[in-house]
Structure formats: structure tokens, C-alpha cells
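The chain contents come next:
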Amino acid sequence: MQRFIKASPLRLLDMSVEKELGSGNLGVLIARAGVGKTACLVHIALDRIFRGDPLVHVSVEEGPEKVDSYYNVIFHDLVKTLDMKNEQELRLMMERNRMILAYMRRSFDVTRLRASLVNLASNLSYKPRTMILDGLDFENTEREVFEGLKELSREFGLETWLSALSHRHKMGLNERGIPYPCDEIDDLFEVIIHMDPTASGVYLRLLKDHGHPVSPDAKVQLDPNTFLVISA
Amino acid sequence: MKEDIQKLRNIGISAHIDSGKTTLTERILYYTKRIGVIHEVKGKDGVGAKMDSMELEKERGITISSAATHCLWKGYRINIIDTPGHVDFTIEVERALRVLDGAILILCAVGGVQSQSITVDRQMRRYGVPRIAFINKCDRFGANPSKVIHQLREKLGMEPVPLQLPIGIEGEFRGVVDLIKMKAIYFDGDHGEVVREESIPDELLEEALSRREELLDAATMFSDELAEAVLEDRETEQMIYEALRKGTLSRALTPVLLGSAYKNIGVQPVLDAVNKFLPSPTEVKNVALDLDQNELEVPLKADPGLPVVALAFKLEVTPYGQLTYMRIYQGSIGKGDELVITRTRKKIRVGRIVRMHADEMEDISRGYAGDIVALFGVECNSGDTFTDGRLHYTMSSMHVPEPVISLSVKAKDNKSQENLAKALGRFCREDPTFRSHVDPETGETIISGMGELHLDVYVERMKREYKAEVETGIPQVSYREAITQRADFNYTHKKQTGGAGQYGRVAGYMEPSKDGSYEFVDEIKGGVIPSEFISAVDKGFQACLEKGPMLGFPVLGLRVVINDGQHHPVDSSELAFRQAAVGAFKQAYMKAEPVVLEPIMRVSVECPSEFQGNVMSSINQRRGMILSSTEDGMFTTIEAEVPLAEMFGYATVLRSLTQGKAEFTMEFSKYAKAPESVVDELKKTQQQTQGGRR
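If you're matching them up, the sequences are chains L and X in order.
At position 31 of the first sequence the residue is numbered 31 (this note's numbering), and the sequence of numbers has no breaks.
At position 518 of the second sequence the residue is numbered 750 (this note's numbering), and the sequence of numbers has no breaks.
Just chain X, same shape as in the assembly (with noise of 0.2 angstroms):
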């Protein structure tokens, strides 16, 4: 049935790991009686909350995957995206972050702003999501709401606008001022489900009126018809809920909660302003490309008679298929309906249409622009686009941050090979920043993700899903070898004991190339080389590169010049020439004083300002060259070459150096001279190796 489009609500819950996300959404789902029973986190009741569905996370009491679930409260629909806390799971941030039209930021009254509150707000930006922010655990033992308050002003740049005043604080905690009705509210009942209005403590009074005049001031930024009903006394709660929302709305405020999930305190208010505060469908800016058009940008309207424009972004495969979530930003979606996948261009037809809660579904017959449903049954990939055929669209794509850790895996034994393999291709086609590949040099599987934990949980779905059992360890360096210098050779190849013989001269020499690539001269004169042997000589260097001869890896950037030779009419031939090619090249090596080189990587850190000098100490220390530094408000991006072969392990550092309130990029740069003592190093792991295969 076609609900009414502005009051629906497409939200995320984003925060720090353990600032109560699941909790709260635990007691969300529960007072609007989505379910009937509270289960905590950690399942010491043996069950588990209702949206850590996956055994990991129950287990781990930490939530891994985002899971979707939608609710009723007040007359408007609620569509809840419940999403990881932990860094490595950044990608399901970022990508509920896409489809969803505000968030609730949850922060620790202890723990104030955090390192993921930082990443995760960054990410809110990013994708212009209007947010409320809610200070859970205001009965924890050190809970101080108005320093987190002040930290979202000086560490976040917001500008928070508290709505509430607590009531009692730590042990003491039991009810909240709500400072646009000016009542104390009280949550009773077993569960906190009956709420109730009081007038406020007298020895808060004070406090509130104060408080009370610094939220409409804020208020009265947005709106002229409150600041005159100020100014002459009559303003109304539905004019400061107006000017609130628009604040809100525009980016410009952020409404601050306050309260305590686990104690069942202060929830139902933070639906309520979920309602008031944060944007229907239509009140979101959503745009598309037009592929007809050169990409043109387009606005989206979220209107079901419009042509279709739907956006895929999350997958997760059942025991029954592939479940594709998706986000309808124009037209309709029913079971039945033509679908093209705008990447393929491939038609699908609509099967089952599903609304997810957490991990059960519930059929419906059709899905309108605005909300979030689910497919069953469509092969596509996580960021795909679908359309019904009259636009060619595509949403931009999410952002993807790149991969910063990797490492080897093998499997233990041939049927875990075959199941490490499944698995691997699963896991590349639900999350886009967890990768593998073969490495064409060494062998060996290689899978790069956004953390150590990230991969842990990986490492561990593969054992347990796919019960491939592996070993891991750490990815070899590709490190290569280059001259230095010119050398001439001059070598004969010649097999000749009776019989058809081999008989090939070459001279010239060897020099590094000035743009680092192979090159080729042919200076031969008077026929020396027959033309018809000369590739040979060619293919003959080539092949040469694949292992030098210093510590059997590639060489790079040489050019060689053949200026001589000498031929035999009847043992001459290309198998010849090749193998003095061969013979020169081994001849000159050596003499042109190769060295070897190693990866550099162009690292780009970003962290608080405040880190600055340690950031640059730790890239310093992995022999890394700081280029340049920008400070821009109260974050600092640095730019460094870094050698990659120290660059291992730099996630989990970085992280601990700077609370994990860092981010860092890293991508390949250039070849640079190894030092000595790393070419030492390399000499002894070979000699290790040759000496072991003995």
C-alpha cells in the first residue's frame, strides 16, 4: 500500500565501537513494538539483540554486517539501518551513508568523541546526511554530556543545539528536561515504555531557562517568524520544532539527545526527533548520471510515477540466493516488473519483493520511491544501478576507500583450496574493499582489506561458511633490479662438435634506459647479424629481464645497443643468436653495476592536527620522506614516499598513534634504490632458501 512519502524515514545509527548502537536499536524496535522482547548484546540471555543476526557478531558481541529493519512510530515509518562501529568496517558505513536520507550519531557520555565518531562524521559529510546526535550511557560512572557537547563543536566543527538537560547524572541518572516543552520527562514501566511529563526539579529550573535561551537562539537562525514570537514572548513548540528542522535539514545544527539505552532512557524522544528532525525522501537532493548525456547530472524525485531509478547497495547471499538491497530513488518497483541492470544493460525480471528485519523478511507486493526493500534472486553486483528500461542512468558511484593492509593466505589442503576459492569470490562481490588476486610473481593468494580485523572476521567466515581451513602470513615485496651503468659486451655462442652446430656473435652494449623501460637498438651494419636473426637477439635480452642476475628479480629500465656480430652460414640461426643474447647479457650484468630497487609508495595520512608530529614521526622512521603537509581546519593530510616494504602493519600503528581518529591512503609511486642493508637482508633470505631447498 502507498504510504505517504513524507513521513518516511530512511535512517542510519552510526558510531563508535560499543557506544550502544544495537542497544538502542534494540529498545527502538521494542517501543515501537517491532519486537516483543529485549535481548542484550553480548546474549547473556543466550539469544542475542535482534539486529546482530550473523553467529559472529552475536558471539563477538560486536555487529559486522549492516542489517535492515523498518518500524512504525507516531504515524511515520522508519526505515533503520543498524551499521558496524569498528574502522575496518567502513565500507558498510559508507555505503547505508549512500541510500540513507539522516543519521543518528550515538556517542559515549564517557568516552565523548571518538575516533570512529570523527571517521564516521567525516563520512556523514561526505554524503551531506543531516544527523541528530544522541550521548548514550549517561548513567556510566564518568558520563559528563556537556564536555561530549563542547567536543562536538571543537572536534567535529558541528554546531550541537541540546534539546535536553539530564536528571541526575552517573548512578543517578533518571530522566531528562526537555527544554521546547519545558517539562522533566520520566520513563516507567518494566522496560521504560510508559513515558511521563512532570514539571521540572526546581533545582534545574535555572539551568533549563538558561539553556532553554541558548537553543533558541540557534533556532531563531532559521526562522524570522520564531525570532519575532521570541523577541515578543509567544513562541510555540511547533515554531522551534519548524526553525529546528530547517537548521537541521540544512547541515547547519545538529539537535542533541540525551539519554541511556540500556537503562531505557531518554529512546522514545529520540524517535520523536527522528520524526521532527530528519528529511523524508523528498526533501533530500539525489542525483543521477546520464549515460545519453555525457553524465550529465540529473535531480532524482522521489516520486512512484517517474520512471524507475533504483540503486543496489548491499548483497548478501542466503542458503535461497542472492539478496540485493536496494533503495528506490523514482518510480515503483513490483513483483513482475522488467528491471535493467544499467552496468550490463542486462533485464531481470522482478521476483519476490521483501522488507528486511534484520535477518527475517516480510513480502510485499511493491516497493515506492523512497523506501528501502529487498530482492530475492537478482545477480548483480553491490553499487549497481537499475533503472526499467527508459533512462540510462547510473548513481555516482560510492565511495570506495582503497584497501591499506593485505596479506597471503593458503589453503591447508586441496579441498579447502577449491572452498577457499568460492569463498573468495563471494566476499569480492558483497565488499568492494576486500580483494584478492594471485600474485603473479610469487604465487601466492593475496587478500587486502580495510584492517586487521577486517580480515580476521574474513579469514574467519572462510573457516566457518565455507570450512576452508587456511594459513596466513605476509606478502612478499615485489622488489626489482636496474644498472647503473654502461657495459659492453662482446660474446660468442658456438656449439660446434659435428653434426648441425649453433654458432651466433653479438657485441654492442648495455646502458639504464632514461625512461625506465626496455629498449632495443639495432645499430648493426654490413649484414653481420642477418636481418632475419636480429629479433632473435631481441627476444633473447627480453627474456633475460624476467630474473636477473644480482637476486633473480625483474630488471628494469635497460636499453641495449647490438653494434657488431659475426654469423656462420650453415650453424647460424635464431635459437643461436638467442642464446648469445643470452651469453652478452650475463657478460655485461654484472659489470654495469645493477642495484636493487624497491617500492616506493606516495602515502597520504590524514589525521587531527594534533597528531601531526607524531604521523610524521612514524612515516620517518619507516625510512620515509615527507613531501608536504596541509592543514585545512583542525585536520592535517601529509604527503610522504614511503618505502612499501615498511609499510606493513602501518594501519594498525597509525591507529594506535592517533586513537584510530587517522586515515591513510597509499599507492604505488615509483622504483628507488634499496638500501644496503636491505639488499643484505635479501642476500641472506635467498641464501636461507637456496641452502633449505638443498
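Just chain L, with the same shape it has in the complex (with noise of 0.2 angstroms):
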């Protein structure tokens, strides 16, 4: 488990300033369809999961089938390279600390997010420390969301990491040298990480931490079929 968290794309957050997201603070991840943000989000959420920390995966418009099946994957790829002995153990760890909620439909709003975080907590005690947001369309959402999620995130103590769908397209960076589609909202999160797929691998680059400066070599390179970190 401990050679995962080493290799854990989290790993990017060792060369920033406050060395994680934080309680309360929105982070994302930016990418163009099909770089890897799901998968990237996975192994982000079993690095909190390996560590005990209850987590709660809200996916939006699509099932819980299939996020379970990203984490099924991921995690036996884990094990086979990692030659990870307790297996049985950490599915287990897995399936304790993870709670998916999906919303299909146009289900997704934060109100309901937030009732069903009340539920966990009221019903089955269950208190996440990290949520993982995927799915959720940064062009088609307003910014009163993101700025809800952020209230929910800080209300709940939760590290909470979204996904951002980028489009070839449109390349354009504001001055603080975000790209779309988080030009105009980036006030609202911590930390911005852009995956950049080349030839060679997926980098991860970070853009912004916490309002600190960022060093242009603050990024770390990731096995295209792991996702584990292979050079920072």
C-alpha cells in the first residue's frame, strides 16, 4: 500500500506549497475527452481510500455500474504491478470506504448532493473526508454550483475533486493562465491540475496552488497505463 501512495498521481501535490487540497477547497482536474480524468480521479480516490479515509464518488449521468467497474480495474491493475499481497484485505478497505452516488437525468444539484451527504451522515454514520465529482459539465454550469460546492465542501470538511472536460478548440488561457473552462471560475478552487497527454506519457502540470506562485516545473510524468507516477 505504501508503494501505491508513493506512485500516486497525488504525488503532484508534494511539489506544491500546502502539500495537499485541504479541508473546505475545490481542486480539479482539466483534460480533453478520453486524456484520463475519470481514471485519474480513481487513483486519487484510493489513495485517500488506502489511507482510511472514508470517501464518497458522486458521479454525474452515469451509473454506478460503471464507476464501479473504473474502480474494479484500476484496483486489480494496481495489485498486478504493485504485487500487492493483501488483496482481499484492501478490496474490503475499498468497499467500506467508498460510497458512490450517482445522479442521472439532470438529478444533480447541490441541494440534493448536500441532503444525501445528511442522510449518509445521519443514517449510516457515514462522514467522508474526500468527495470525487465527475462528470459534472463546466460549460453548462452555473457559477452559483461551484460556489454551492464549495459551501457544501467547507460545511462538510471535504477535499473535494471535480473533473473538467477541455476542448481542443479552445486553448485561450486567462491571465492567470487557466484554461477554459475554468478561465472564469478559478477563483473557486485551490488547486488546478491540467493532464497533457504526449508521446511519452500523461503529464500531470500544476497550474495553481492555493494562491502560491507555481514553479513551471511543478509537474510529473504518469505510465499511460497505470497512472502511476513514473518521474516528477
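Take these hints with a grain of salt, some might be off.
To be verified - Below, computed lysine-lysine pairings styled on PhoX-like, alpha-carbon distance capped at 25 angstroms:
(1) X:K902 to L:K85
(2) X:K771 to L:K85
(3) X:K746 to L:K85
(4) L:K80 to X:K902
(5) X:K746 to L:K80
(6) X:K771 to X:K699
Derived from the structure by calculation, the hints contain no laboratory data.
All values derive from a computational prediction rather than experimental measurement.
Fit chain to chain and form the complex, with the hints in mind.
In C-alpha cells, the structure reads:
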């Protein structure tokens, strides 16, 4: 497990000042379609889960079966690649520390999400520390929704990671170097990471670090097959 | 005689329990002159409503099995299936919806959208059935049609379009305002049989005009012609009817009518609405699967000239044999015709064809596409497709909900045992959601169904119709045992007391297998156990799996490796090595730290989102682990894993937690270690049983 934590994509944050996203904060992975945002988020999720932190994975417009299959495939690959011996124990840890909330056919809104989190806490005593929110359509989501998510994260003490889909034809950056679709809402995010596919692998580049200056070298390279860190 | 198929309506009447379905049907039959006298549902006059023909139905005042009838109204023939409202009889409602073209959804003006209204609406959506809504009991204290219309929108996601306003409400309810004709309608005569039109009362005129505007707004979405006419203030009734019909057929809107069937108010307009807004058989898309083309979906046409395709949707065993209710989708079926059952390829010759009128039959010579008939003396299963042999089609299988509750039944005497078997055979054939089997481990007969009332009624029917007196109990959970550690064995079986002896030594180890199945590995070298005896060793171990030494439950996931042993040139035999294996098993088993496993079920609960918290809590209280929650519109589906032992009675609990608005399915997922408290309880029970036997 230690080997996984050492190779997890979250190692990128070792290059940041704060070293973590932090409770009550929003982080976002920006990438074009097919680069691996969901896979990367699942890795982040497993990083938290294997540290024993309960997590909630929110999926917008994808059912829980699909989310579960992502976890199963990535888990299986990790076990094989890192030669993990205690597979059953880790699997049990994954099942116990993960709750999938799916919202289909435009059912997602912050109010419903809040109600779900309250339900989990009061009826199951399940209090996540991390929230993954995958599949939110940044292009068609109002700023108020992100403000609401930030408020929710503060209220529940969550570190919230989102995925944002960018487009090849919308490559412009704002004055802070943040690309579309986060260029007009970057003030709401404490950590912004860009996923950049190249011939040699996928690079995670740190674009925003809690308002601290970011070094252009703040990047890690991920193995495109396992999404584990090859080099920093 | 062949009729105009455009003027045929196949409809069902569905709703929550006690919202007045049977009363409404009784009125419909009276006004269409199908019956001469109205009888009330709970048999106040000792007779009972026409549609509640089964004795138990009449006695309990509930409708249990569906019955079919037909009537004529203003040149249209209407086939009506009256269906039960209680959740436990969902299969009857499902069947009816599968074969019908339209439906009337009845709601109570007091209770509004209730539990079964939600389930029934879901069923109607599943089968794409256009419907009209009738808000009944507007004469009752607390009646609030506006609230119900609001609930149709909020709770069922419908687009309701009221076609009427009530004139008076509760005890003052005396008629309706027709917003299309812009007339007040009253119902005179002893039983409301005389429909009288008058001007709208002054005090209701403003509201009527306002509601009519809303109605026209909704209707114009479906007709450009109407939209133009409304702008020019020249809309006609016919234009409005046609537009509303389009909206209803596309299921984009639901016309809503009001009344009180018991007080004979508002029933005739419902019949008019059936004619005007619900589809004929030609307006409904029906498909079959072509088995000669890899189950390719093929459209069916309600044309009597085409090859026959028909579906048996209800079986009823009568004293004269089996009655098979059929919907003819294509072609025609006449007396003497030859039909083929697709499932069995068996040919049958059509004897009697009848039209049903609750429990009375009316002989006909031929039934045509679009019609619902019944055949006599045809041996088949519910859901069977019939053709005339020219096509190899099957209708898609009806959605059959999985049973959710089971209990054991035991006949009190031998005669009852015989009768029980006959009863179970019949009920299982008639109703695919009622199942029975003999538990191979306990020998108990287990029956399962959709709810406690469902099984309760069948147990009653066993007693009444088959004279099978039974006791009911709770079925036992199928526990298992499994080892958790590796343990060595080295056992010698020896019986050498003179004469032919027995000798065999087996050594090796047992450990948990990776995939949960039994595995036997032979690592014997040098022939210390001759190869002809190896399978006997294997069999010996396998025989021990049936009853684990811990608590007598079957053993799962054992891996046995034998790597040493000894034999005797004279006294070794298959029997000796089999016994050696048994001894080795017993020697090592308890050292391998066995545990008791309990079956874990994958449970999926679908409920309105407002009950999500209740449901999660109920699962948590049952040692369940919630895996996910999916919100989809107004409903949430919760997936969880829950021990089977905690699930008995859950259907009833869930129903009361969610006002009957939730459904759940359950299937086996895996075996998992049972907690100590459960094991202790099992040990106690076993000790008591053994003590009792002594």
C-alpha cells in the first residue's frame, strides 16, 4: 500500500506549498476527452481510501455500475503492478470506505447532494473526508453551482476533486494561465491541475496552488497504462 | 362478425387499493347495459359486484384476480380488464398492461397519488400505455381534486390536463363543468343514467374560462390547426378532441376527469374519454421477435388478413378445463383453426372461443386482430405466443417481478399433502410470480411470492379450493462453513483384528481455495498411495463437505493436497483410503480455524427520493452495507449487500417505511463470514434441537 501511495498521482502535490488540497477546498483536473480524468480521479480516490479515509464518489450522468467497474479495473491493475499481497483486505477497505452517489438525467444539484450527505451522516454515520465529483458539465453549469459546492465542502469538511472537460479548439488561457472551462471560475478552486497527453506519457501539471506561485517544473509524468507516477 | 377495428378499445382500469375501480366498472357495465342492476363491492346486498367473481374477492371486498368484460358505448366496443390494486398482485396488473392499449388510472380525491398509483404508473410507463385519469370520490369529506392534479405532476411526473371542474365538492358535489363544451353536466335518474347539460353556474364561469385557457394551451402543443384557430377565436370541439387525442397517444399529456362512481356522477364522460382519447389497436406499436432471424424485432399489424400472432396472458382453471385469455395481435382465430405454441412447437386445434364477461362466457365463432378472447381447452403457459404456423415469432416475455417473500408450508396430513401438490402445480402455472420448491437441505416446501397478502391468499385458496390444510413457517437460511487457515493431517485408518483388514494412511494439508470451490491436488510420489486408490481419497474428502464438523453446514472452498501416505499390500482398499480421508479431514478441520458463512444478498431498493434516508437506515439496521445510491428524477435506487437472515419480513417493513411506494429486488451475491452473535445463536439452536431429539 505504501508503494501505491508513493506512486499515486497525488504526488504532484508534494511539489506544492500546502502539500495537499485541504479540507473545505475544491480541486480540479482539466483535460480533453479520453485523456484519463476519471481514471486519475479514481487513483486519487484510492489514495484516500487506502489511507483509511472514507470517501464519496459522485457521478453525474454515469451509473454506479460504470464507476464501480473503473475502480475494479484500476484496483486489479494496481494489485498486479505493485504485487500487493493483501488483496482481499484492500478490497474490503475499498468497499467499506467508498460510497457511490450517482445522479442521472439532470437530477444533480447541490441541494440534492447536500441531502444525500446528510442522509449518509445521520443514517449510516458515514462521514466522508473526500468527495470526487466526476462528469459535471462545466460548460453548462452556472457559477452558483460551484459556489454551492465550495460551501458544501466547507460545511462537511470535504476535500473535493472535480473533473473538467476542455476542448482542443478552446485553448486560450486567462491572465492567470488557467485554461477553459475554468478560466472564469478559477478563483473558486484552490488547486488546478492540467492533464497533458504526450507521446511519452500523461503529464500532470500544477497550474494553481492555493494562491502561491507555481513553478513551471511542478509536474509529474504518469505511466499511461497504470496512471502511476513514473517521474517528477 | 368483423367490426371496425378503429372503434375497438382494449383498456385496463388500474389504481391503488380501494380507490373505486370495481365500483366504476360496475357503473360502466350498467350504463352500457351490460348488467341490469348495480351491486355494491362489499356485498351489502349479498351479491357483490359483477367483476369480483371469486368468492374470496367478494368476501374480502378486494379484487384479487383480473377479470375481463366488454361493453358497447356510442358505437365503440370496449374490452375492460379490471385489475387488483394491492401491491402483492402486481403480476395481474403487469399482464393486463402488456396486452391492453390504454388505461384509466383511478385516483382517490381524498388520498391522492398513493403507493400503488406510483407502482401502477411505473408499470404503465414500462409498457408505453396511454392513459386518462379519473379522480374518484369527489363526494367524500376531504376531497381535493386540485391537490390530486398537482400530485400527478409532482409525484408521477405527468402532464395532467383537467377536462372538467367540479360543481360543488364533498357532500355538495353534484356535477361537473365540461371545459371543452363549456357546459355543466348533471346526472339524473335513480342511478345517474340520464345525462343533462345546462349552462355553467355563474359562480363557476370565471374559473371555467381560466381553466379552459390552460386546457387550450396544453392542447395547442399538438395541433397547429388548433393553435391558429385559438388565436382567431374559432376553435371547435372536434379540433380540441383531436389535439388532446394526439397528446394522449404520445403519452405527453394525461386528460383528467372527475366524479364519484358511488354517487353515479361523472362516469359517462369517462366512457366518452375512452372513445375519444385512448387508442384503437391499430394505433399502438406492437412488436414480436422473429426466432428465425436471431430474435429480430418485427412490427405486428392489427390486420385480420395477416398470419396469426396472439399472446396468452391469463390462464384460469375452471371445472370444465383451462380457460386461456388471449390478445390477438395479428390475423384472426376461429373455431376449428389450427394454432402452434411457439415455445413448444405443439399444435392445437381451437375448440370453443368465447368472450368473457367476468365469470360468464359468450360463445363467438371468430376473434379478430385487436381483440381479446378466451379459448377453452388449450394447454399452455401464461405468456405463450401462438401463431398459425406460418411465422416463428414470440412476443417479448412479460416483465415478471421476482418474488420477494418466502415461507415454508407443511401439510397437516397425507391427504392434504396430495392436495397441496396439486394446488401448487396449478398456482405456479397460473402465476409466474408465485413459485414453490422443495429445499434440498431441509426438505421443506417453500413458497414465494410478491408479499404477505399474496401468499396469504394462496394459502387460503389451498385450503378452500383444494382442501389442503397447511401450517406455515419461516424458511431456514442456508449457512455454510469454510476453513480460514492451512492445517496439516496425517491419519492412519487401520482395522486389522484378524481376517480381511483395512489399512490406509493419508498425509498432506488442507487450506482455503482461491476461488471458493473444492480442489483436490495429488502430490503423491513413489506410489506410497497406489494410483488406483487416489480417487477414493478424493471421494472421502468430498463426502465430508456435505456436513461440516463445526455446525453441520456444507463446507465451501476447501483445497486438499495429499503428499504422503502408506498402504498395505493386502489390507489396503478403496474403502480403507476413503475412511482414511474422512479421518484426515476430521483431524485437520478444526485446526484450520473454520468459520460459519452466511449468504449475502445484493438488494436493490427503488423508492421516491424523499424516503432515501428511511431506506438507508433500514438497511443499516439489518447489517447491510450500502454500495451506491442513484437519483433519477424523483426516484432513488439504493444498492446494498445485506445478509439474507436479516431480510425476512423486509418487504412489509419497506412498504410501511415508504407508504408502499418502494420496490425492491434481491438476489444472491456471495457468502461471507457470519458475526459471532449469529454463530452463537446457531449453536444454541442446534443444542436445543439435539436436546429435543434425545
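Open item on the list: Run the distance test for X:K771 versus L:K85: straight-line Cα separation, threshold 25 angstroms.
Closed with: violated (33 angstroms)
Open item on the list: Hinted pair, alpha-carbon criterion (25 angstroms max): X:K902, L:K85. Please report holds or violated.
Closed with: holds (22 angstroms)
Task: Given pair status - X:K699, X:K771, alpha carbons within 25 angstroms - done: violated (46 angstroms)
Open item on the list: With the threshold set at 25 angstroms, check whether the alpha-carbon distance from X:K746 to L:K85 stays at or below it.
Closed with: holds (13 angstroms)
Task: 25 angstroms Cα cutoff - pair L:K80, X:K902 - done: holds (24 angstroms)
- [ ] Measure nothing beyond the straight line between the CA atoms of X:K746 and L:K80; if it is 25 angstroms or shorter, mark the hint as holding.
- [x] The hint holds at about 16 angstroms.
Hints 2, 6 from the earlier list are contradicted by this structure; the remaining hints agree with it.
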